[in-house]
Amino acid sequence: MSAGPTPASRTVAVALILLGVGATFTSMNIALDQYGRWGARIFPLAGSLSLVALGLAELWGARGKPAPALDRQHLPAIFALLALAVAYVWVMAQFGYLISTALAAPLALWIFGVRNVIGLLAAAVLCPAAYHLIFFELLGVFPPFGRWFDLLDVFGWY
Amino acid sequence: MEIFPALASVLSDPVLLGWVFLAAIVGMIVGAIPGLTASAAIAMLLPLTFYMEPLPALAFLYVIGKSGRYGGSIAAILFNTPGTAASAATQLDGYPLARQGKAGKAMKVATISSVIGDFIGEILLIVGVAWIAAIALKLGPPELFAVYFAAFIVIGSVIGKSVTRGLASAALGVLVAMIGLDPISSTERFTFGSFDLTNGISLVPLMIGIFVLGEVFAQIEERGKTTEMVPDGNDAMRNRLTWAEYKPCLPHVIRSSFIGSFIGMLPGLGSAIAAFVAYGEGKRRAKNPDDWGKGALEGVAAPEAANNAVSGPSMAPLLTLGIPGSTIGAILIGVFLIHGIQIGPTLFLTSRELVYALFACGLIGIAMYGLIGFYGAAFVGRFITRIPTGVLYPVIFLTSFVAAYTSRGNLFDVDVMVAAGFLGWLMRKLDFNPAAFVISFVLAGGAEEAFRQALLLSDNGMMIFITRPIALLFLLVGLTALAVRVRSLNRQSRAVTLEEAR
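In order, the protein sequence lines correspond to chains W and G.
Position one of the first sequence corresponds to residue 9 (this note's numbering), numbered consecutively onward.
Position one of the second sequence corresponds to residue 533 (this note's numbering), numbered consecutively onward.
Read the hints as simulated data drawn from the structure, not as lab findings.
If you want a taste of the chain W side facing chain G, the calculated C-beta under 7 Å gives, among others:
(1) Ile38
(2) Ala39
(3) Phe51
(4) Ile86
(5) Gly121
(6) Cys135
Listing some non-contacts, in silico: residues in chain G with all C-beta distances to chain W over 10 Å:
(7) Ser544
(8) Asp545
(9) Pro546
(10) Leu549
(11) Asn612
(12) Ala620
(13) Pro628
(14) Leu669
(15) Lys779
(16) Pro780
(17) Ile996
(18) Ile998
Quick caveat, the model's predicted, so the values are computed rather than measured.
A virtual CB, placed ideally from N, CA and C, is assigned to each residue, including glycine.
With these hints in hand, go ahead and build the complete structure from the sequences.
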């Protein structure tokens, strides 16, 4: 049910069906209330079964239609950015905001094509300082402290 | 009449006026940057408004939304790249005008038409919203659930290329909203033993992920592309707009404003549909239809008026029923909730002054972006060409992390934001509908509550939705919208197949 061909129809359909089946089983494990009613189950179950039905509809719609190929040219850069995002949160939890941002800022710029070494070094210093000043000093948000080590302990910027 | 004291109160508050002015500039710049939307800017700036009073916070984000819709026309006319989906209709005549050296004239037409459209939409909202709220107060749980059901179906099926993927986006939004404790029985749902998940998924990091980080992922695919401005030639004579030139645009602007206002009231349809419907209708009724698409001023005026007229009325379902009509509405729900303001029909009983003051800020914001745009659109265009996207998007990337953390001071929210960001990019890539996902996430809690309350009221179980006429009407509206959309897509698909066969 689309105006033109949509990318990866069969893969998307199978993914929707699998997700829907998984969610249906999980929904059926939601405990009933004290009167044995399905109250808490109804909406999760409706959402899950809708996914299964929509996956089947997608599969039916994809019959005999060639799906357009997905553009994979930028996938390495996208997965690099995703890896950076996941690593950034992990480093933030272990080493605090300043160190993690000092590492993430030049890497993000590099992924977006910035190759100027002085610019990358400047970003490693200026970005953590600017964000710390705006969010954790001016707005008074409590910063995420590193579990293993935190530069704030050294500088005493609390 | 409450709007006049509200206007006087806002005009006498220089700090509030400063926020509105700042929002007019920020929205215009963000809307004009190709790829960046007002929704992304609002989601990113949302945590900053936690530390503000409710009215400046709401006014700041509301005016960014208005000004951002207009800002899209700057990119469409000056760069031949629509800054927003809606301004793609403006581009059809705006860019040919710019190629003829009349970029300044096209921008003036776009500005005046946007301002008129936005004013008409806002006035209709101000006049009509209290009536809608009064009616909404009389709706019981079965009728409310039927309204939610219709909203899910319309939001999922009407926008985007694929009905199945749009509806699947809505279903995914519902499932994600179910994570956490059941609000009535406190039963755990989809928590998989994780303590963090028992609190549920927070709206703010989810929106920052989908709209901001998702856009950063998408922009990787645009690396290396430069934005170039059409030379305006600084030909003052060619770019001067006279009344004789604008007069033929006026009927199109008025008609399109009403089209935009009507479409704006319907949840999920949004500016892009309004702009294209207004363009099509304008061309159909035009005295010079052959000139449309080649640089007709009316072809700029009609979509711009409709695009901006959506802004005010799209707040009507949000303020009266708690149903966001747009992504910006969904984000504003976050601001209301953070400041402890319960949206829905009772809003007009509990926070009437705040709502009218917000409308007053909207009216003043329209005047502000109109003046800035009329005299400074070309300057904004030149400013945008100087922003290096290789630096802009990494900065947005870093800001999204700190913004997500700031919402609750919790690193789990940052994890949610990263997952939502990747999901947002994947959804765009596979023709799913991120807006339907987020709006359904917001609607799911209210819909479930209404559904379960309706069942408790009922002696016949689900039959309560059939036996109550208003509930039945809304259920039929939803199903009819779905049937019409499927039929229209099937026709388009057959036309494409026939075209290919030739």
